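Colleague: The task is simple: from the sequences and hints, build the whole structure.
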Amino acid sequence: MVSVYYLNCPKCNFRYYVGEPIVLLPNFPSQCPKCHHTFQLDESPTWKARGGTAGAPVVTDLRGK
Amino acid sequence: MAKDLRSYLRDYEASHPEQVLRIKKDISSNQEVTALVMKLNKEEKYPVIIAENITTCAGNKSSFPLITNLLASRSRCAESIGSTFRTVHEDFFNKSRQEHVKPQVISKQEAPVKEVVKTGEQVDLTQTPALYHHYMDPGPYFTAGFLTSYDPDSGVDNCALQRGWIYDKRTIRCYPYTVSHNWLNICKNRDRGQPTRLAYWLGHHPATCIAGQSRLGYPESHFAAMGGVLGEPLRVVPSETLGDDFLVPADAEVVVEGVMRSYELLPEGPFGEYGGYIGPQVPNPQFEVTAITHRKDAYWHDILVGHPDNQVMGGFSIEAAVYESVKQRIPSLKNVYMPLSGTCRFHVYLQLENPWRGDAREAIMSALTVDFRLKHAFTFDMDIDIFDEREVLFAIATRSQWDRDVMIFPNVKAPIIDPSARYDVGAKGGIDCTKPVGEDFSERNSVDPTIMQSVNISDFVSPEQFAKMPTERM
Numbered sequence: 001m002v003s004v005y006y007l008n009c010p011k012c013n014f015r016y017y018v019g020e021p022i023v024l025l026p027n028f029p030s031q032c033p034k035c036h037h038t039f040q041l042d043e044s045p046t047w048k049a050r051g052g053t054a055g056a057p058v059v060t061d062l063r064g065k
Numbered sequence: 001m002a003k004d005l006r007s008y009l010r011d012y013e014a015s016h017p018e019q020v021l022r023i024k025k026d027i028s029s030n031q032e033v034t035a036l037v038m039k040l041n042k043e044e045k046y047p048v049i050i051a052e053n054i055t056t057c058a059g060n061k062s063s064f065p066l067i068t069n070l071l072a073s074r075s076r077c078a079e080s081i082g083s084t085f086r087t088v089h090e091d092f093f094n095k096s097r098q099e100h101v102k103p104q105v106i107s108k109q110e111a112p113v114k115e116v117v118k119t120g121e122q123v124d125l126t127q128t129p130a131l132y133h134h135y136m137d138p139g140p141y142f143t144a145g146f147l148t149s150y151d152p153d154s155g156v157d158n159c160a161l162q163r164g165w166i167y168d169k170r171t172i173r174c175y176p177y178t179v180s181h182n183w184l185n186i187c188k189n190r191d192r193g194q195p196t197r198l199a200y201w202l203g204h205h206p207a208t209c210i211a212g213q214s215r216l217g218y219p220e221s222h223f224a225a226m227g228g229v230l231g232e233p234l235r236v237v238p239s240e241t242l243g244d245d246f247l248v249p250a251d252a253e254v255v256v257e258g259v260m261r262s263y264e265l266l267p268e269g270p271f272g273e274y275g276g277y278i279g280p281q282v283p284n285p286q287f288e289v290t291a292i293t294h295r296k297d298a299y300w301h302d303i304l305v306g307h308p309d310n311q312v313m314g315g316f317s318i319e320a321a322v323y324e325s326v327k328q329r330i331p332s333l334k335n336v337y338m339p340l341s342g343t344c345r346f347h348v349y350l351q352l353e354n355p356w357r358g359d360a361r362e363a364i365m366s367a368l369t370v371d372f373r374l375k376h377a378f379t380f381d382m383d384i385d386i387f388d389e390r391e392v393l394f395a396i397a398t399r400s401q402w403d404r405d406v407m408i409f410p411n412v413k414a415p416i417i418d419p420s421a422r423y424d425v426g427a428k429g430g431i432d433c434t435k436p437v438g439e440d441f442s443e444r445n446s447v448d449p450t451i452m453q454s455v456n457i458s459d460f461v462s463p464e465q466f467a468k469m470p471t472e473r474m
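Chains A and B are the protein sequences, given in the same order. Letter 29 of the first sequence, counting from 1, is numbered 29 in my numbering, and no numbers are missing. Letter 311 of the second sequence, counting from 1, is numbered 311 in my numbering, and no numbers are missing.
The hints are simulated quantities; they were obtained by calculation from the structure and are not laboratory data. Every value quoted in this text rests on a predicted model; they were computed, and no experiment measured them. Be aware that a few hints might be false.
[To be verified] Some chain A residues close to chain B (C-beta under 10 Å, calculated; not the full set): (1) VAL4; (2) LEU7; (3) ASN8; (4) PHE14; (5) TYR16; (6) TYR17; (7) VAL18; (8) PRO29; (9) GLN31; (10) CYS32; (11) PRO33; (12) HIS36; (13) THR38.
[As the list claims (entries may be wrong)] List time: in silico SDA-like cross-link candidates among lysine to any residue, alpha-carbon distance up to 20 Å: (14) LYS169/B with LYS11/A; (15) LYS435/B with GLN401/B; (16) LYS25/B with SER63/B; (17) LYS11/A with MET136/B; (18) LYS102/B with PRO233/B; (19) LYS34/A with TYR132/B.
C-beta: ideal position from N, C-alpha, C; glycine also.
Modeller: The following block contains the structure:
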């Protein structure tokens, strides 16, 4: 398990990272901090290249309960 | 006259003029202020910085001057609460935990923060000099803003320094961390299907800001704790748009009011955090701003998160909590220090006077349970100056054997801000660097005390030569 997951924005290619909760919440989008484009993780070339979360557990309650 | 940022600045600038840097030159909110502070801090200089001509992230000249680095100096922070560099743990514990003073409600006419009132469409947060701090941030953030909410059951206030991204003119995406009392209040409202009233207030006497970081029970009033640390009741005033029962500090520079109606989570961050690393983008809620009130010539207070400005003051409350917890069990505890090298969160140094067998290890265990951010605890004897890290590392080097003196507690809660943690789980540990109890132990190199006292550098080296002699950090 890692703490950060790098992405490249599919629109402006800015490289940044997201945390575990964004990766684990089903269909939760990311938003590019540079151009503010909102997209699904699998639209990011970086994400596609690494093969997504590869079977990580799915959570729905961020309080961890 | 009530204590506020202005009264503090007036007195501090009069007594420490060399410690206040007023910048007349144009400077941008977009990372330039951060760059300047980083360079000054690298030189071990921590002045209060007031940028009088600052350009907003939207590219306009701000009508608010910016004040930052106010809380970067441990000596300055300690003095502001009537303490000293070395006695923060005990003084802050006494003032914030034991001497609470109820806030005083005043009328809107009397409240300086109501000099300018803007509501609804009049509000435009993009015109403030809120800083864009680090390159990966998504935009300008509130960092010195105390996010305030009320417990819907008891009506008790809660304040916390929690970041808020100024998403647009009237929207703030905030980070009410999930173990915080603000989050509890938000969850209570969410679960009852009702909106949450929130306010950010910023710009106040440093003692108020430091007290705002107090670790309190739930529900327990931060406004009362602030009064204890300030030494007088915090003056509060009814909000403009959140009802008369929603009170905000009357002597703040700026108050931003708003309502969280939807609890939908949205992407927020990345953001440079207190651990000194850029924290990842995470899901967080947002709220709509309903009003901004401020003084006519308000200062916009910023805290540079992840730098001494934020690390030093945040450590005070943990030092006090460690002192409270450990002292109860280990009366030989004398001093507590959370150094900047551990971002004033991760390392704690405990100094014990004549500890008995087992005291040091018990102190380590007690300290590590105080705060989930606290990661490493070290115990030392009285002859080790725990406020000097060369001494600390000397004691680690010469008084510990790691097969005997290291304690490790794996798989416990960790802050996600620590990049070495496995998301929110990590290890805590401690090293007992005290001498063995009841056993002979080698003495440190020393000379006869009378000879030590009789030899003065000035008898052998001229002041001019001494001043020219280079220093070297090793």
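Colleague: Each hint: holds or not?
Modeller: A quick look at each hint next to the structure:
{"no.": "1", "hint": "VAL4", "in the structure": "5 Å, holds"}
{"no.": "2", "hint": "LEU7", "in the structure": "9 Å, holds"}
{"no.": "3", "hint": "ASN8", "in the structure": "13 Å, violated"}
{"no.": "4", "hint": "PHE14", "in the structure": "9 Å, holds"}
{"no.": "5", "hint": "TYR16", "in the structure": "5 Å, holds"}
{"no.": "6", "hint": "TYR17", "in the structure": "5 Å, holds"}
{"no.": "7", "hint": "VAL18", "in the structure": "4 Å, holds"}
{"no.": "8", "hint": "PRO29", "in the structure": "6 Å, holds"}
{"no.": "9", "hint": "GLN31", "in the structure": "4 Å, holds"}
{"no.": "10", "hint": "CYS32", "in the structure": "8 Å, holds"}
{"no.": "11", "hint": "PRO33", "in the structure": "4 Å, holds"}
{"no.": "12", "hint": "HIS36", "in the structure": "7 Å, holds"}
{"no.": "13", "hint": "THR38", "in the structure": "7 Å, holds"}
{"no.": "14", "hint": "LYS169/B with LYS11/A", "in the structure": "24 Å, violated"}
{"no.": "15", "hint": "LYS435/B with GLN401/B", "in the structure": "11 Å, holds"}
{"no.": "16", "hint": "LYS25/B with SER63/B", "in the structure": "15 Å, holds"}
{"no.": "17", "hint": "LYS11/A with MET136/B", "in the structure": "16 Å, holds"}
{"no.": "18", "hint": "LYS102/B with PRO233/B", "in the structure": "6 Å, holds"}
{"no.": "19", "hint": "LYS34/A with TYR132/B", "in the structure": "12 Å, holds"}
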